[in-house]
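Colleague: So the protein lines, in turn, are chains A and B.
Taking UniProt numbering, I'd label the letters of the first sequence as residues 1 to 367.
Taking UniProt numbering, I'd label the letters of the second sequence as residues 1 to 367.
Just so you know, these hints were derived from the structure itself, not from any lab.
Note that the coordinates shown come from a computational prediction; the quantities given were computed from them, not determined experimentally.
Mixed in with the good hints, there may be bad ones.
Here chain A is said to cover these stretches of chain B; the calculated rule only asks that three of the stretch's residues, wherever they fall, bring their Cβ under 8 Å from a Cβ of chain A [unchecked claim]:
#1 49 to 60
#2 113 to 122
#3 153 to 159
#4 264 to 278
Distance ranges between label pairs, derived from CB positions [unchecked claim]:
#5 B:Asp346 - A:Ala229: 53 to 59 Å
#6 B:Arg367 - A:Pro77: 30 to 36 Å
#7 B:Gln347 - A:Arg339: 52 to 58 Å
#8 A:Asp81 - B:Ala84: 45 to 51 Å
#9 A:Glu302 - B:Val23: 53 to 59 Å
#10 B:Asp270 - A:Pro244: 32 to 38 Å
From the three backbone atoms N, C-alpha and C, an ideal C-beta is built for every residue, glycine too.
Spelled out from the first residue to the last, the chains are:
Protein chains: 2
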Amino acid sequence: MTSVSARPGELARVAAPDEGISVDELKLAARNHGMPLEALRYDVTPPGLHYLLVHYDIPYVDPTSWRLPITGAVEHPLELDLAALRTRPRVTHTVTLECAGNGRARFLPRPVSQPWLDEAVGTAEWTGTPLAPILAEAGLAPDAVDVVFTGHDHGTERGVEQDYARSLSVPDVMDEDVLLVYEMNGAPLPPQHGAPVRLIAPGWYGMAHVKWLRDIEVVREPFTGFQNATAYRLKQDADDPGEPVTRIRPKALMVPPGFPDFQTRRRIVDTGDVPLFGRAWSGTGTVVRVEISTDGGTSWREAELGPQPGPYAWRSWRLTWQASAPGDYELCVRATDERGEAQPVDQPWNRQGMANNMAQRVDVTVR
Amino acid sequence: MTSVSARPGELARVAAPDEGISVDELKLAARNHGMPLEALRYDVTPPGLHYLLVHYDIPYVDPTSWRLPITGAVEHPLELDLAALRTRPRVTHTVTLECAGNGRARFLPRPVSQPWLDEAVGTAEWTGTPLAPILAEAGLAPDAVDVVFTGHDHGTERGVEQDYARSLSVPDVMDEDVLLVYEMNGAPLPPQHGAPVRLIAPGWYGMAHVKWLRDIEVVREPFTGFQNATAYRLKQDADDPGEPVTRIRPKALMVPPGFPDFQTRRRIVDTGDVPLFGRAWSGTGTVVRVEISTDGGTSWREAELGPQPGPYAWRSWRLTWQASAPGDYELCVRATDERGEAQPVDQPWNRQGMANNMAQRVDVTVR
Numbered sequence: 001m002t003s004v005s006a007r008p009g010e011l012a013r014v015a016a017p018d019e020g021i022s023v024d025e026l027k028l029a030a031r032n033h034g035m036p037l038e039a040l041r042y043d044v045t046p047p048g049l050h051y052l053l054v055h056y057d058i059p060y061v062d063p064t065s066w067r068l069p070i071t072g073a074v075e076h077p078l079e080l081d082l083a084a085l086r087t088r089p090r091v092t093h094t095v096t097l098e099c100a101g102n103g104r105a106r107f108l109p110r111p112v113s114q115p116w117l118d119e120a121v122g123t124a125e126w127t128g129t130p131l132a133p134i135l136a137e138a139g140l141a142p143d144a145v146d147v148v149f150t151g152h153d154h155g156t157e158r159g160v161e162q163d164y165a166r167s168l169s170v171p172d173v174m175d176e177d178v179l180l181v182y183e184m185n186g187a188p189l190p191p192q193h194g195a196p197v198r199l200i201a202p203g204w205y206g207m208a209h210v211k212w213l214r215d216i217e218v219v220r221e222p223f224t225g226f227q228n229a230t231a232y233r234l235k236q237d238a239d240d241p242g243e244p245v246t247r248i249r250p251k252a253l254m255v256p257p258g259f260p261d262f263q264t265r266r267r268i269v270d271t272g273d274v275p276l277f278g279r280a281w282s283g284t285g286t287v288v289r290v291e292i293s294t295d296g297g298t299s300w301r302e303a304e305l306g307p308q309p310g311p312y313a314w315r316s317w318r319l320t321w322q323a324s325a326p327g328d329y330e331l332c333v334r335a336t337d338e339r340g341e342a343q344p345v346d347q348p349w350n351r352q353g354m355a356n357n358m359a360q361r362v363d364v365t366v367r
Numbered sequence: 001m002t003s004v005s006a007r008p009g010e011l012a013r014v015a016a017p018d019e020g021i022s023v024d025e026l027k028l029a030a031r032n033h034g035m036p037l038e039a040l041r042y043d044v045t046p047p048g049l050h051y052l053l054v055h056y057d058i059p060y061v062d063p064t065s066w067r068l069p070i071t072g073a074v075e076h077p078l079e080l081d082l083a084a085l086r087t088r089p090r091v092t093h094t095v096t097l098e099c100a101g102n103g104r105a106r107f108l109p110r111p112v113s114q115p116w117l118d119e120a121v122g123t124a125e126w127t128g129t130p131l132a133p134i135l136a137e138a139g140l141a142p143d144a145v146d147v148v149f150t151g152h153d154h155g156t157e158r159g160v161e162q163d164y165a166r167s168l169s170v171p172d173v174m175d176e177d178v179l180l181v182y183e184m185n186g187a188p189l190p191p192q193h194g195a196p197v198r199l200i201a202p203g204w205y206g207m208a209h210v211k212w213l214r215d216i217e218v219v220r221e222p223f224t225g226f227q228n229a230t231a232y233r234l235k236q237d238a239d240d241p242g243e244p245v246t247r248i249r250p251k252a253l254m255v256p257p258g259f260p261d262f263q264t265r266r267r268i269v270d271t272g273d274v275p276l277f278g279r280a281w282s283g284t285g286t287v288v289r290v291e292i293s294t295d296g297g298t299s300w301r302e303a304e305l306g307p308q309p310g311p312y313a314w315r316s317w318r319l320t321w322q323a324s325a326p327g328d329y330e331l332c333v334r335a336t337d338e339r340g341e342a343q344p345v346d347q348p349w350n351r352q353g354m355a356n357n358m359a360q361r362v363d364v365t366v367r
């Protein structure tokens, strides 16, 4: 089985500086998909255009026999079925989700994993019931530390066989906006987005929103499962325990203007006024500023912001670019949130390619 | 603009034998997406899992102002709107679609374009109205040769600026099963699949099913647009005019058994009986045989076929594999259709990476 696994827990490879994408990375890219950036025009991403990242396979879970046990450090263990969830208070949040690995393939050198460029994002209306009152009914033990969410999806990752599992701390999980979700955009959850029930933890990168929920366990010690302790951490090297990846860093993206060349996706626009627009978001507070550069990041102009449609959804922005002279241009966009955190122009490299919010760059030819 | 274009009509590059996937190819792979193969379990592919190939950008077309002119070599030019289409006879066909470039990245050397492996396929219920009676009402001229379908999607491709356009011959287009489609799986067409109206030409590779229809023109000379005369042809080299890509060649795919390793997608199964199952289809007739090899194509066993659910939809198949000895295996599957055409085990290489129906190979470790 040497062909299957690295040594347990070992970090994935980093590509050589001039190394192309491998067939293994392409296998991931052909299954998982980003949101074509022209879909930034929609407040809510139409079904099928929202980004999708599945670690292993999409499991088939029968909704009629599905049960969700809530066990561990609780006074009254519970078991819920779909009907029980649907009779509880119904809440809808519009939430922008972004994969923690978004931007990984823009890092140089490139950590080898799902090779996202800019597109691993989307916004949906998620409907379900708040989790905090359910945990309150179960009665968390006073010394409860973490709550572990385990999915039905099963695989190996760097030699570690596992059901996908992620924890949130008790304070994070008792946030009133954390939901057990059974609908996406008004329809039952599709298979690929976690049917029949998934977690939505607004503001967090995608890894926290566990899909195909199988059980919830409250634990008295910090959870040290693979996805918390090894995978989703900001490490500089293999010996670095790293900081955990948590909430979404501020980011803005633009709809690439004009029209594309098929093979290169380079943009072509005509001279004149070019409307630039897109969306911006942050998991740590409202976006308060979006800036555009048309000279590769040397100078910046502030865009006009649209209304903030809720605490967890992206915000629109727009700016008219006077493209008066034919030639090649590199457009950039960057966001700043209310805490003053701004997107970097240089890469915030880390060993696992996580949480890359380096400013987007779009190559444009004005003719 | 040298960075935008090859010389007009020039063929795309072929990668060196050991060359990784380029960033340009990754840009396409991150936007367009295949169907995760575990979705072969569904008769009809759930929304969002059907493969998607968009040459340029997904255009935004307002359905309320959308009109479809039918002009050229007709007695009575017509213009239809969405309401007019919806009052005409309503027909639903369940159709398996496959991208003509599916399997391109399995070719060695690899033609550089959208780098599909095996996943560019899906089956949907397409609802619309037959096109032939509309063309009959318009009155085709006796010397009409081709019917040209043009979409709202615009871009450059190998130096040729174009709206995506493809023709079908008059006999092909008068097939009673060719539809102008406004619904997919019972819902209005989603933006990425051609809203508000697309063509569905059952049995043909994906390039024929023009999305975001803008107009239909009947012509008296064979159509020589880029997508017919240059792109979708089976060429051996740059000087070869090539044969046109037309109907889908026979193919079978399996749901990869067991569970995957994240980084390699290699499968792990336990010793014992392993159910193998999947789907098979052909655009030139019913699939009559599916065979499985568990030794890389040396020996073959015949699978059990499910019912044929209609003339244009894939057919299920299954076989139990007695995986008695631990070790590494290469599984293969191949289909044969009623015309006796069987999938090749060796690659049917061509210069543009078209219509590759080489047998699927799945690496499995039995433990």
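Colleague: Any of the earlier hints contradicted here, and which numbers?
Modeller: Violated: hints 5, 9.
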